[in-house]
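With the hints as extra help, turn the sequences into a complete structure.
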Amino acid sequence: MKKLFAVIALLFIGGLTVAQNLPAISAEIRPRFNIDNRDFNSNTKSHSYTEMRSRLGADFNAFENLNMFVQVQDSRIWGTEPSTLTNTSNVDLHQAYFQLSDFFKLPLDLKVGRMEVKYGPERLIGAVGWSNVGRSFDGAILKYKRNNFTIDFFALKEAESMQLNDTLDASVYGTYSNVKVGESYSIQPFIIYYNSEKASYPFENITAGLYVTGKSGGFFHETEFAYQTGKRKDNVDLKLNALMAALNLGYNFDAKVKPYVKAGVDYLSGDNDPTDNKVKVFNTLFATNHKYYGYMDYFINIPADTYGLGLMDIHASVGLTPFENFGIDVKGHLFNSAEDFVLINGSTTKSFGTEIDITLKYKYNKAVGFEAGLGFFSPGDIFKETRGPDSSTWFYLMSVVAL
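The opening residue of the sequence shown carries number 1 in this note's numbering; numbering runs sequentially from there.
Simulated from the structure, these hints should not be mistaken for lab results.
Any given hint might turn out to be false.
Distance ranges between label pairs, derived from CB positions [claimed, not checked]:
| # | residue 1 | residue 2 | range |
| --- | --- | --- | --- |
| 1 | T393 | P274 | 30 to 40 angstroms |
| 2 | D74 | N277 | 24 to 34 angstroms |
| 3 | A372 | T88 | 21 to 31 angstroms |
| 4 | D340 | I29 | 42 to 52 angstroms |
| 5 | T44 | D340 | 28 to 38 angstroms |
| 6 | P322 | N43 | 31 to 41 angstroms |
Under the rule of at most 35 angstroms between Cα atoms (straight-line distance), these lysine-lysine pairs were calculated in the DSBU-like manner [claimed, not checked]:
| # | residue 1 | residue 2 |
| --- | --- | --- |
| 7 | K291 | K262 |
| 8 | K361 | K262 |
| 9 | K384 | K258 |
Cβ atoms here follow ideal geometry from the backbone N, Cα and C, with glycine treated the same way.
Listed below in structure tokens is the structure:
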């Protein structure tokens with residue numbers, strides 16, 4: 001950790017030496033208190049803990065068309081050090097990249113280093129901002145931009161084993177484009193190639209799809225579709241053939257308290273026969289699943305958390321702003337599997353359960369915000385048999401100070 005801080009100090013000193021202007025400093029402190037009773041067992045008491053994420057960044061613009069950004073991060077749970085006189089290794093380099101704009105005087109931007117990467121609504125590649133750690137990739141992105149069209153070509157490293165023949169490595173390559181249609185619509189086609197030699201997922205995975213979003217008056221919508229194909233790479237005859245689809249609609253009412261309603265469905269295909277040579281389970285890759293499949297995070301690691309059965313999430317939410325800078329949102333989910341689950345008694349079901357999430361947000365000022373949330377989950381037959389028979393609850397209280 002001392003070496004890391006030494007590098008940061010040198011970067012700051014170097015930036016002050018060569019830059020005409022001081023670097024732009026950014027900082028964030030985000031503690032989050034939790035009361036957690038998500039084990040589906042009413043005989044156990046809930047436990048409480050506090051997560052905290054702290055970030056410090058410096059944005060250097062020393063030369064024309066050159067930008068450099070460095071951000072360090074400390075992620076911890078209060079009280080987990082061995083004692084108040086010892087420390088734990090919580091500090092990491094979250095981002096460190098440079099960006100060359102108008103590369104070779106062409107409509108190209110080149111970004112290289114360690115960085116957060118998020119595309120579209122983050123159903124496939126996201127930064128997972130809710131996480132106490134967050135996701136970063138090492139790699140490079142080349143962006144072409146022209147009028148209402150942009151396209152990214154990216155090469156990212158997920159795992160590096162430093163072994164011969166790149167054994168156990170994993171890399172992500174692809175393109176993500178954005179075509180703006182008028183003022184309010186956007187069409188975003190993409191192709192993602194995930195080449196994994198890891199023992200946990202030795203697959204060659206190709207995901208191609210389209211995301212469309214737009215609004216008209218108070219009405220807004222988004223649609224996303226993706227198809228996955230590929231094969232297993234360790235001499236096992238398995239072929240990948242899976243689907244993802246999402247449709248979400250909403251309306252913002254023209255009223256003082258800014259009420260809105262939203263409804264939609266998210267579908268991930270599952271596998272009804274794990275013994276054949278076809279894998280029909282959709283893998284959400286590097287998604288920010290917390291945004292979509294319930295804030296209680298029972299469906300974060302997909303497909304593992306759905307037992308390979310896929311997911312059908314029918315959801316609806318309402319919200320309003322009753323006071324200035326204070327918002328309320330209530331969201332309900334009906335979770336079912338895409339394929340049947342066979343219970344111990346021989347009957348079949350598709351019910352994972354239902355979830356209700358209540359979120360309160362208050363913006364204290366430009367730099368400080370507070371947020372509280374309450375989640376309630378009633379298990380369906382699948383979770384009753386695999387996780388526990390009782391309902392679960394979760395509460396959090398979070399403050400965000402960002403400069």
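(request) Take the C-alpha atoms of K384 and K258, compute the straight-line distance between them, and say whether it is at most 35 angstroms. (result) Given that 35 angstroms is the threshold and the Cα spacing comes to 39 angstroms, the pair is violated.
(request) Could you see if the CB distance from D340 to I29 stays within 42 to 52 angstroms? (result) Cβ of D340 to Cβ of I29: about 47 angstroms, so the range 42 to 52 angstroms holds.
(request) Verify the proposed pairing of K291 with K262, using a straight-line Cα cut of 35 angstroms. (result) It holds: about 14 angstroms lies between the C-alpha atoms, which stays within 35 angstroms.
(message) Between the alpha carbons of K361 and K262, is the straight-line distance 35 angstroms or under?
(response) holds (18 angstroms)
(message) Between the beta carbons of A372 and T88, is the distance compatible with 21 to 31 angstroms?
(response) Between A372 and T88, where Cβ atoms are some 28 angstroms apart, the hint holds.
(request) Mind checking the hinted window 28 to 38 angstroms against the Cβ distance between T44 and D340? (result) Since T44 and D340 have Cβ atoms about 31 angstroms apart, the given range 28 to 38 angstroms holds.
(message) Quick check on a hinted range of 31 to 41 angstroms for P322 and N43, using CB atoms only.
(response) holds (38 angstroms)
(request) Confirm or reject the claim that T393 and P274 have a C-beta distance inside 30 to 40 angstroms. (result) 33 angstroms Cβ-Cβ, so the 30 to 40 angstroms window holds.
(message) Does the beta carbon distance between D74 and N277 stay inside 24 to 34 angstroms, or does it fall outside?
(response) Because 47 angstroms falls outside the window, the suggested range is violated.
Checked against the numbered hints given earlier, this structure breaks hints 2, 9; the rest are met.
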